[in-house]
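Note that the protein sequences, when read in sequence, are chains A and B. So the first sequence is residues 1 to 387, counted in this note's numbering. So the second sequence is residues 1 to 356, counted in this note's numbering.
Read the hints as simulated data drawn from the structure, not as lab findings. Do not take every clue at face value.
[Unchecked claim] Chain A side only, calculated, beta carbon under 7 Å to chain B, not exhaustive:
#1 Asn120
#2 Ser132
#3 Lys136
#4 Glu173
All figures in this text were calculated on a predicted structure; none of them were measured in a lab. Glycine is no exception: its CB is placed at the ideal position from the N, C-alpha and C atoms.
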Amino acid sequence: MIFKNSIYFFKSALRERAYVFWCVVFPVILMVILITIFSSMYKVEKVNFEVYLIKSESGEFSNIIFQVFEDLSKVENKVFNLKVFKDDSLKDKLIEDLKRGRTKLIVEIPEGFDSLVISNISMKMLGLGENSAPLKVYILKHNVSSQAASMVVRNIVDRLNLEFAKRMSKIKEYEVKTEIVGSKTGFSYVDFIYPGIVILAIFFTGLFGIGQELTWYREGKILKRFRITPISSLNFFFSYFLSRLYLFILQALIVTFVGKVLYKSSVNFLSFYFFLYVFLAMLSLSSMGFFISAFSKNTNSAGVIGQILNFPLQFLGGIYFPVSDVPWFIKWIVVINPITYLAAGIRDTLGIMPSPYPIYLTIVVPLIYTALFLFISIRKYKRVELT
Amino acid sequence: MKPFISVTLYRIKSFYRDTFTFLFSLILPIVFVLIFGFVFGEREMGSNGYGVKIGVIRSDVEIVKVLGKMENVKIFEFENEADLRNHILKGNIDGGVTFDGEKFNFIINFSTFQQNPFLRTFGESFSKAYSLHEVGMDKGFIKMEEEFIDPGKAQVSSLGYIIPGVLSFSISSAIFTMIALFGYYRKRKVIKRFAVTPINPIIFISGMVLGNFVVGIFSCLLVLLIVQLIFHINFSINWGFFLLSVSSSILGMMALGIVLTALFREPQTANNAGNLLVNIMLFFSGVYFPLDFLPSYLKVFAKFLPLYYVGRALRISLGIEEGRSSFVLTFSFVMISTFLILVFISGRNIFNLEER
Numbered sequence: 001m002i003f004k005n006s007i008y009f010f011k012s013a014l015r016e017r018a019y020v021f022w023c024v025v026f027p028v029i030l031m032v033i034l035i036t037i038f039s040s041m042y043k044v045e046k047v048n049f050e051v052y053l054i055k056s057e058s059g060e061f062s063n064i065i066f067q068v069f070e071d072l073s074k075v076e077n078k079v080f081n082l083k084v085f086k087d088d089s090l091k092d093k094l095i096e097d098l099k100r101g102r103t104k105l106i107v108e109i110p111e112g113f114d115s116l117v118i119s120n121i122s123m124k125m126l127g128l129g130e131n132s133a134p135l136k137v138y139i140l141k142h143n144v145s146s147q148a149a150s151m152v153v154r155n156i157v158d159r160l161n162l163e164f165a166k167r168m169s170k171i172k173e174y175e176v177k178t179e180i181v182g183s184k185t186g187f188s189y190v191d192f193i194y195p196g197i198v199i200l201a202i203f204f205t206g207l208f209g210i211g212q213e214l215t216w217y218r219e220g221k222i223l224k225r226f227r228i229t230p231i232s233s234l235n236f237f238f239s240y241f242l243s244r245l246y247l248f249i250l251q252a253l254i255v256t257f258v259g260k261v262l263y264k265s266s267v268n269f270l271s272f273y274f275f276l277y278v279f280l281a282m283l284s285l286s287s288m289g290f291f292i293s294a295f296s297k298n299t300n301s302a303g304v305i306g307q308i309l310n311f312p313l314q315f316l317g318g319i320y321f322p323v324s325d326v327p328w329f330i331k332w333i334v335v336i337n338p339i340t341y342l343a344a345g346i347r348d349t350l351g352i353m354p355s356p357y358p359i360y361l362t363i364v365v366p367l368i369y370t371a372l373f374l375f376i377s378i379r380k381y382k383r384v385e386l387t
Numbered sequence: 001m002k003p004f005i006s007v008t009l010y011r012i013k014s015f016y017r018d019t020f021t022f023l024f025s026l027i028l029p030i031v032f033v034l035i036f037g038f039v040f041g042e043r044e045m046g047s048n049g050y051g052v053k054i055g056v057i058r059s060d061v062e063i064v065k066v067l068g069k070m071e072n073v074k075i076f077e078f079e080n081e082a083d084l085r086n087h088i089l090k091g092n093i094d095g096g097v098t099f100d101g102e103k104f105n106f107i108i109n110f111s112t113f114q115q116n117p118f119l120r121t122f123g124e125s126f127s128k129a130y131s132l133h134e135v136g137m138d139k140g141f142i143k144m145e146e147e148f149i150d151p152g153k154a155q156v157s158s159l160g161y162i163i164p165g166v167l168s169f170s171i172s173s174a175i176f177t178m179i180a181l182f183g184y185y186r187k188r189k190v191i192k193r194f195a196v197t198p199i200n201p202i203i204f205i206s207g208m209v210l211g212n213f214v215v216g217i218f219s220c221l222l223v224l225l226i227v228q229l230i231f232h233i234n235f236s237i238n239w240g241f242f243l244l245s246v247s248s249s250i251l252g253m254m255a256l257g258i259v260l261t262a263l264f265r266e267p268q269t270a271n272n273a274g275n276l277l278v279n280i281m282l283f284f285s286g287v288y289f290p291l292d293f294l295p296s297y298l299k300v301f302a303k304f305l306p307l308y309y310v311g312r313a314l315r316i317s318l319g320i321e322e323g324r325s326s327f328v329l330t331f332s333f334v335m336i337s338t339f340l341i342l343v344f345i346s347g348r349n350i351f352n353l354e355e356r
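Isolated chain A (complex conformation) (with noise of 0.2 Å):
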């Protein structure tokens, strides 16, 4: 009986177009968002900038300079679009266009650059300390591109001043390796984002699904109507979440589906760990929706509630991007959310990501949640029923 009542439920939920679309393919959409957006941010591959140089010197090392930036706007894969200016009067209509976007970046060489430099290496040479020559960037603020391409002009300057002085003096280089701590297989964006997701799709489903719809049904007095039917009340709600595990295991397959397949996530979805949290995931997050329903006058203040709840625990919960260190007056919402924990433990347990709390919290919390949610919604919902 509960299992061909649950069928029904699911097939109910199924039919309305509005609940798939936000509980189904709405995170599957913002997962394909993210994942354009901020993937091409972490992997930095094919970019060019447009970048302006200014050069009204023409001795040797602005020479050098200028061959190296032309050289890495001719190859391939360049990396800049490269327009020279030789009139250095043309200053400041250059920043007019890189404030209006037209250019990533201003280098410029300096009136006196060659003398300041050959007069540094002979001060060098002779001991007299050094004062090295300035090569002036204007990078234009908030502007990513911007940020990227003076690392860029950074990384130049380096290896020149790293050149100049093989030729003075014998220079050991030293290899470097780069190494993310707390993932076992390096950064990608997919893998931290689709666990993320799978919980953002429960909890979806939790706050507007299970919250609105309980509440729906409590308003038109259909839990009542049930009373006079053979269904008992621990039938029905048995039946309902029953319908519920169906429809979250269906929301975690196919934000699965579009990981591993379209974006080729190395996260092991068939691991115990992943189980594990999304089935707290279930438990915690629709019995919060169950509290929701309890607590709502109507299906229009339960709408109401979950909109409240759900952009504070959504940013807050640590899905997009790490809240361990808000200010104190708001790391509250982040200790009290549920959210922060289930995204931790999967994160943590799967080698994505280190939790920032001890792993057993990660499990106790959603499950403490999960207990008083149901406590509290039972007791409750037993008040109203009578009444």
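Place chain B on chain A using the hints.
Using the frame of chain A, we list chain B on its own:
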């Protein structure tokens, strides 16, 4: 005139009674400001783009010396590598440098890398600086002098740069007011009932539009006020342009709501489509996230989204971004014209459809 004012006032009052609309237009933008403000507000980078806390093993004296000469690096010393790694893992420091005599290992904390992917170049810069340090040429021959140029007249933090995005979110709620007016009201034949009242349906629609418009402006001004009060962001506001941008953006979003109502007969479907569109626009129009690294086809796509222009017009008006006044004027003209044309066509249709 009196019925028009009454309808307008009714709409403004009903806005505060309709908890969902009130929440979406007024509370959520404020919640957004607070979350983004407190989460991102303090994470300003140093002048060299790094601004990082780097750990090192105490016995690596030379590494400490080299790091000490690098700009915007705060050094933390630890007894051994295990201790260093533990602090990086916990997120107490952004990264660390170890040296085995032949090779440097630059260890980055996962979260730090996620927030600042360009930090990956730090290791390379450090190793070159170390090589120069070994031969006593710490300063090198050339130094890079960085000057950060504010894109507009106002000098604002990253949070200040996000605010037009939050305002865009608030403005985009105008889409739903038109879906309610032209979708739900049509479905429930609300406007038809005005045939038996002395109020002209056109007056009703105009009053409703004006009511929504006033609420939209008020919501934007309130967000701006809260931002100024809590985060002390000093915009260089051109009030004429700001009010023009906000007004025309609200009308433009209303026009989009009308288009959705025309495309989807069922108001609930139009509402869902509107919600999806708002989400896509918020992500792809560059109001929250930079578009610089997107593939070129997505950059082109972004330029077809009205919120891209709303964000830009607001940034220019708030003095965050440099731009020509002709951009704001042209943008406003297009938004207002689109609204007027669509409201005229849909206004006629709404009565025809209800009469059928």
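Hint check:
no. : hint   : result
1   : Asn120 : 5 Å, holds
2   : Ser132 : 4 Å, holds
3   : Lys136 : 5 Å, holds
4   : Glu173 : 6 Å, holds
Taken one by one, the earlier hints all hold for this structure without exception.
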